[in-house]
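K.L.:
Top line first, the protein sequences correspond to chains A and B.
The numbers in our numbering rise by one with no breaks, and the one at position 85 of the first sequence is 85.
The numbers in our numbering rise by one with no breaks, and the one at position 139 of the second sequence is 139.
No lab work stands behind these hints, which were simulated from the structure alone.
Note that the coordinates shown come from a computational prediction; the quantities given were computed from them, not determined experimentally.
Careful, some of the hints might be misleading.
If chains are identical, the list can't say which one is meant, so a pair holds when it fits in one copy or spans any two.
[Stated by the list, open to error] Below 20 Å or equal to it, Euclidean Cα-Cα: the simulated SDA-like pairs (lysine to any residue) are:
hint, residue 1, residue 2
1, K230, D64
2, K201, K230
3, K230, L206
4, K163, S16
5, K201, T261
Protein chains: 2
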Amino acid sequence: MTALTGKTRINLLIGSPISQVLAPGWLTDRMQKAGYDGLLVPIQILPDRLDTTLPELMAMPNVDSILVTLPHKFGASRHCSELSPRAAILGAVNAMRRQSDNTWYGDNFDGAGMLQGLLNAGQDVVGKTVYVAGAGGAGSSIAVSMLEAGATRLALHDPDVDKQNALLALLEKHYPGRASKGSGEVAGFDVVINASYAGFKESDPLPVDPSGLSALTVVADVITDPVPTKLLMEASIRGCVTRDGTHMLEGQMQLLFDFMTTR
Amino acid sequence: MTALTGKTRINLLIGSPISQVLAPGWLTDRMQKAGYDGLLVPIQILPDRLDTTLPELMAMPNVDSILVTLPHKFGASRHCSELSPRAAILGAVNAMRRQSDNTWYGDNFDGAGMLQGLLNAGQDVVGKTVYVAGAGGAGSSIAVSMLEAGATRLALHDPDVDKQNALLALLEKHYPGRASKGSGEVAGFDVVINASYAGFKESDPLPVDPSGLSALTVVADVITDPVPTKLLMEASIRGCVTRDGTHMLEGQMQLLFDFMTTR
């Protein structure tokens with residue numbers, strides 16, 4: 001990397017644990033290649049210290065942005081003066097940046113990264129129907145991003161019925177009449193997304209029944225290991241365009257880089 | 001540098017302002033070359049936030065050490081559970097590290113860096129007499145380090161008489177009978193050190209009268225720009241061994257590196 005100096009702009013990635021994160025290397029490399037004198041530094045903040053630590057980080061004049069991973073996405077959103085519409089809906093941020101008036105703006109790029117990954121393959125969701133398996137953090141953010149981007153109708157399924165219903169209620173409030181309960185049957189949907197852990201282990205059942213996929217269905221998965229998942233292999237056999245977890249990550253890195261370095 | 005990951009050990013350098021610091025580049029390079037997966041990150045902490053920010057930094061599990069520059073050297077010392085003898089005498093630290101029991105140990109390497117720079121040139125101060133011009137932060141730390149290292153007698157001069165007397169009183173308390181007021185006359189001293197700003201500007205008067213220097217006198221200066229200073233040029237003409245501010249800095253970097261990376 002280019003020389004680290006006292007003028008290097010500092011960006012932080014906070015979470016706990018922190019040893020598993022990959023973004024510091026990726027985004028620092030991207031900054032360096034773009035000639036931007038910046039660094040993304042991984043910092044572990046224990047869960048019970050977020051509310052005392054985060055205001056101190058926000059008060060450091062040479063810190064431009066703070067990326068947020070588990071378990072701090074919800075807590076960090078409460079420290080922002082302003083939130084993007086999707087971050088406000090989700091009540092969770094994974095990125096915040098200092099604004100010119102020294103207040104902090106929060107956004108959530110988890111779902112937007114999935115959308116960007118689709119766009120990078122020439123697949124828009126405007127006017128499309130989308131099926132999402134999984135109503136956790138990733139599924140919530142993806143569902144909001146798809147509806148925000150113009151998907152006409154979204155079906156959602158999660159074996160945890162309470163989680164599924166809570167997300168459906170949230171989507172109904174903000175995008176009335178466009179989200180409904182999914183059945184596992186994906187025939188007729190333009191885009192099918194796995195946002196659940198199913199596919200992580202060899203023994204996992206498929207998150208949706210692949211028999212409903214046609215060659216016109218776009219199929220995406222959040223899982224980055226293994227790549228491709230069994231679902232994506234079934235989709236490829238049927239001639240579908242597929243996007244794996246690394247495409248979502250790449251899309252998200254692209255958006256985070258722009259968010260961090262654009263003033 | 002090698003890839004930055006979530007496992008990279010984080011070290012911080014705190015101060016305000018921060019844009020002038022050079023240690024992050026130097027020490028990060030040194031870590032990388034030694035195969036130590038670490039980073040020294042410059043962080044600006046505004047003066048009135050030290051007491052709220054520093055405890056949060058100390059609670060970050062992936063932060064191993066914190067280097068300290070102006071104006072936080074005195075304030076940071078109060079957050080350490082344990083201080084080196086010289087840091088305790090000075091009431092100021094420029095480096096603190098996490099100990100195995102998660103408490104923090106503080107030390108002060110400003111004067112030790114000067115000593116290390118002399119040692120690197122084969123010049124010990126054991127049994128020697130030392131003249132120090134300047135009783136500010138650098139002069140204080142250098143005076144303590146010289147007496148700690150075994151200088152038998154030390155003379156100190158500062159045009160600010162209150163500052164001079166305060167440091168002499170401190171030295172008298174900890175090293176009774178070994179420190180006295182200097183007159184500007186350096187004849188008979190083994191080691192002569194400029195720890196004042198004199199020599200920074202072309203128009204500055206010499207900090208000591210060079211006519212008392214002999215070929216056996218070792219002359220050192222804290223000033224890093226210009227190098228050599230007028231004092232060191234006068235000393236060279238007289239055949240003295242000289243050490244400039246960059247040798248002190250190099251000595252200090254060497255000590256800080258060991259302090260930060262040794263567990």
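K.L.:
Each hint should be assessed against the structure and marked as holding or not.
P.N.:
Here's how the hints hold up against the structure:
For the homomeric pair K230 and D64, neither the shortest alpha-carbon distance inside one copy (40 Å) nor that between copies (42 Å) is at most 20 Å. In this homomeric assembly, K201 and K230 come within 20 Å of each other (Cα to Cα) only inside a single copy, at 10 Å, whereas the closest approach across copies is 72 Å. In this assembly of identical chains, K230 and L206 lie within 20 Å of each other by CA distance solely inside one copy; the values are 7 Å within and 79 Å between copies. Taking the closest pair of Cα atoms, K163 and S16 never come within 20 Å of each other, the shortest separation being 24 Å inside a single copy and 47 Å across copies.
Taking identical chains as interchangeable, the C-alpha atoms of K201 and T261 are never at most 20 Å apart, the minima being 37 Å within one chain and 39 Å between chains.
The earlier numbered hints that this structure contradicts are 1, 4, 5.
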